[in-house]
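Q: With chain H fixed as given, assemble chain L onto it according to the hints.
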Amino acid sequence: MKYKKFEYDTFTIYTIQTDKFKNCHMEITFYDNAKKEELGVRNFLVDMLCHSSKKYPKRKDLVVKLEELYQSFFYGVSSKVGNMVISNFVYDFLNPEYIKDTEYLKNVLSFPFEIIENPNIEKEAFDERSFKIIKKRILADIASLKENATNYAFRRALFNMDKNSITAASVLGTKEEIDKITPESLYQYYRKFYENSLCNIYIIGNLDMEETTKIISRAFHNNCVKNHSVEPFVDNKARKKELVVKEKGNFGQTNLVLGFNLEKMTREEKFVALTVFDEILCAGGLKSKIYNALREENQLCYSVSSICSRYDNMYYVYVGLEDKNVSLAIKLIKKCVKEMAQGKISEEELKMAKKQLYTSLEIVIDNQNSLINNYTFHSIVGTPLYEDLKEKYKEITCKDLKSVGKKFKLNFVYELQSKGEEK
Amino acid sequence: MKEIEIKGIKEKIYYEKIGKQMPIYIWKNEKVKGVFSALCVRFGSIHQEFKIEGENKYNKVPSGIAHFLEHLNFYEPDGTTATDYYAQYGSEVNAFTTFDYTCYHVYATNAIKENLDHLLDFVLTPFFNKKMVNKERNIIIEELTMDKDIPETKLYFTHYANLFHKYKYNETITGTKEDVEKTTLEDIELVYNTFYHPKNMFLIVTGNVNPYEIVKNVEENIKEKKLPAYKNPKLKKMKEPTYVVNDLQEVEGNVENPKMKISLKLPINNFKNIDPIELRMIFSLIVNNNFGPTSDLKEYLMEQELISYMNASRSFIENFILLTISLETKYPKEAIKAIKEQLKNLEITEESLKRKVNASIANLVLNYDDIMGVNNLIQENILSFNEIVDNEMEHLENITIEKVMQVIKKIDTKNMAITILNPKK
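Line by line, the protein sequences give chains H and L.
Sequential numbering from 1 applies to the first sequence in the numbering used here.
Sequential numbering from 1001 applies to the second sequence in the numbering used here.
Next up, chain H with everything else stripped away, as it sits in the complex:
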């Protein structure tokens, strides 16, 4: 795999040349510091831009064109990562070696830029028809957040932790925020988004990258120079004593979330040692300490999961279980974390965790989307590339993990209590 960077005045193209895949994958990434009040409109805009355009005024027209381009896929997604908001226009297309048409590469590469740079605008407003469709869908998405027990418990837990923190904000925005958006205000935001967002393009495939970047630079007319940078990390404050919140839920199981601050954890620790720590504590499946304590030794649950929210300086443990088992589960989770902080980690556990992580690395290296995702954060935040991570994992010792464990500070214990058994 050959990594290369092509710099232009207003954007940069990052390429990975490889013959591993039959597909090519491209992401046009607009990113910036997240503003809570703009998350909803930004997400709305990305949806809107992928739905239709001046040339393809209905969704149907756009999908027909994608079918003509040999079943290409094009969609947009906005995500919030710590203090950053990243809006990706994602595009998958067949490698040109399978297509006889000599104009294919030019046509297929130009398509997403044609869409995002030429929205269906009349009199400085997005077209009403598409606007209504997207609005309805987003409002339904916001409403449906309550349908998923895990998502809902997380949202409530973070809201209770600190409703003003960007960590607690939903990328979808709120119903009230969406209701305020008009076709006119959305167009105003489109201009702001385009003019202010930092922009990179990532592409992986078996392509002549010199030719590819030339085509892209001709198709993409972004001429807005930006001079700012992003600050990716959120400083969520630790508490002296953990917050305990219990709310009544509408689900059969109780959903329990424990949130830990990662206090004064270095960047290197967050992106290397924490991953190994998490593998031993919870992410390593049935072999991990929390899994073993909750499921194997006490049969309290079917599964338990963890999230290293590095950019939010937080770590979460989540489990769905019966009401009567909640106290024991909390006790066991706290005990596992405490023991890790005391350095109760064997060399054997460390060795096993590293092996698991080496395999995971070798697996993700076979996946286009993972490679691009890794390259994205490497280029924006400076996180390690997959190919360098193995060496970094190798260097981690039990002492490093103990040091990581000491930086875990329990912030909250949140329970979304079961509604009781359904008759």
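Worth flagging that the hints you see were computed from the coordinates, not collected in a lab.
Small disclaimer: the values here were computed from a predicted structure and weren't measured.
Even glycine gets a Cβ: it sits at the ideal position worked out from N, Cα and C.
Heads up, a few of these hints could be off.
Partial pick of chain L residues on the chain H-facing surface, computed with a CB cut under 10 Å [stated by the list, open to error]:
| id | residue |
| --- | --- |
| 1 | Ile1009 |
| 2 | Val1032 |
| 3 | Asp1078 |
| 4 | Thr1081 |
| 5 | Gln1088 |
| 6 | Glu1092 |
| 7 | Ala1095 |
| 8 | Tyr1107 |
| 9 | Asn1138 |
| 10 | Leu1144 |
| 11 | Glu1152 |
| 12 | Gly1292 |
| 13 | Glu1328 |
| 14 | Ala1359 |
| 15 | Asn1363 |
| 16 | Lys1424 |
Computed list of chain L residues with no C-beta within reach of chain H, every gap over 10 Å [to be verified]:
| id | residue |
| --- | --- |
| 17 | Leu1124 |
| 18 | Val1133 |
| 19 | Lys1135 |
| 20 | Glu1178 |
| 21 | Lys1231 |
| 22 | Glu1240 |
| 23 | Asn1391 |
| 24 | Glu1402 |
A: Using the frame of chain H, we list chain L on its own:
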């Protein structure tokens, strides 16, 4: 060993029958590092009544037992689990149970021989006791309580129960809490000893492997095992009526807006003069054209703000074809009316057919891009046709507007089930 050329896309699948009993399919990809191995047992949640060869009486086992057995099979005689074994190589082992089969799979990037050997060893070595049955019972009950909290799962299984009278597709894969509570060690041993035999299994290995070495290893492994004779079970045939159980059922669930499924239940016999592979392709094209993102109906429903989501699919279940439309709507009555109207007036133009066929051909190439995807594709081929379909491109190119219209004419909207999951009052 047989080499099966996948026509038109320069791909090859290796096939061998190990010890004249277990088929193995291998797809080699030297550009990747990983190897994905899946050992599939033709024993799923629908297999609840069966007769062992030489016996007169049918055995009846509790619903959910295939899934229960899948959990137990990870325990090993030395007190460890299969997960412990794979941890030493950093490999990822897991399993899943469907209506029709159980699949044990391993994703490995090193020690391929050891990983594959152990897959065969732990699946083909029975070790069960009461203690582990009781332990897993509690875990499974937590699993099915968790599943109950997922609205889509509730809608899916309620809908299947509205479609099928006799087929066990009308029950959940995990069974109910009561089913799990009444499952005994003896039930587990009975189904294991009946169904877990190489003659009732197939193995698929995809990734960076030498097919000849893989076959040699698997042959040696199976040869060393002292396997009992296959009991050749006969599954009880269920005669499923052509009509649905409930035309319309409304249930309540954890949803903010109503979600629904509308299905046509079509006897496969109505289409017996059409090649079965082409029939599947034609149904996909019809569904996509009439209810997919390029359909006028979807545009209309979205424009009228009658739906916020719509998806359509086709599935082949024993003697029936299901054409299913799933949607989320605040206006169920109006949406149902529009869907019914479209089902009565299914259409496709020559231009649209050509474009969708070309897109499907591009998909054939794209299907061979990742080792898990190819493994799944082979599993689907074996479960649907009991062989690798090597001429999908030819079939796609053979599809004409006349053939599609012939199928459309035979689609009868009489047997339709509608299930609505409403918000709780």
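Q: Work down the list of hints and note, for each, if the structure agrees.
A: Here is what the structure says about each hint:
1. Ile1009: holds, 8 Å
2. Val1032: Holds. Min distance 4 Å.
3. Asp1078: violated, 16 Å
4. Thr1081: holds, 7 Å
5. Gln1088: holds, 7 Å
6. Glu1092: Result: holds, 7 Å to nearest chain H Cβ.
7. Ala1095: violated, 12 Å
8. Tyr1107: Holds - the Cβ of Tyr1107/L comes within 10 Å of chain H, reaching about 6 Å at its closest.
9. Asn1138: With a minimum Cβ separation of about 4 Å from chain H (threshold 10 Å), the hint on Asn1138/L holds.
10. Leu1144: Interface hint status for Leu1144/L: holds (9 Å vs cutoff 10 Å).
11. Glu1152: This interface hint holds because 9 Å falls under the 10 Å limit.
12. Gly1292: With a minimum Cβ separation of about 8 Å from chain H (threshold 10 Å), the hint on Gly1292/L holds.
13. Glu1328: holds, 6 Å
14. Ala1359: Interface hint status for Ala1359/L: holds (4 Å vs cutoff 10 Å).
15. Asn1363: With Cβ-Cβ at 5 Å, under 10 Å, it holds.
16. Lys1424: Hint holds; Lys1424/L Cβ to chain H Cβ min 8 Å, cut 10 Å.
17. Leu1124: holds, 21 Å
18. Val1133: holds, 12 Å
19. Lys1135: Given that some Cβ of chain H is not farther than 10 Å from that of Lys1135/L, nearest at about 6 Å, it is violated.
20. Glu1178: Consistent with the label, Glu1178/L stays out of reach of chain H, its closest Cβ about 13 Å off (over 10 Å).
21. Lys1231: holds, 32 Å
22. Glu1240: holds, 29 Å
23. Asn1391: holds, 18 Å
24. Glu1402: The claim stands: Glu1402/L keeps its Cβ more than 10 Å from every Cβ of chain H (closest is about 22 Å).
Comparing the model with each earlier hint shows violations of hints 3, 7, 19; every other hint is respected.
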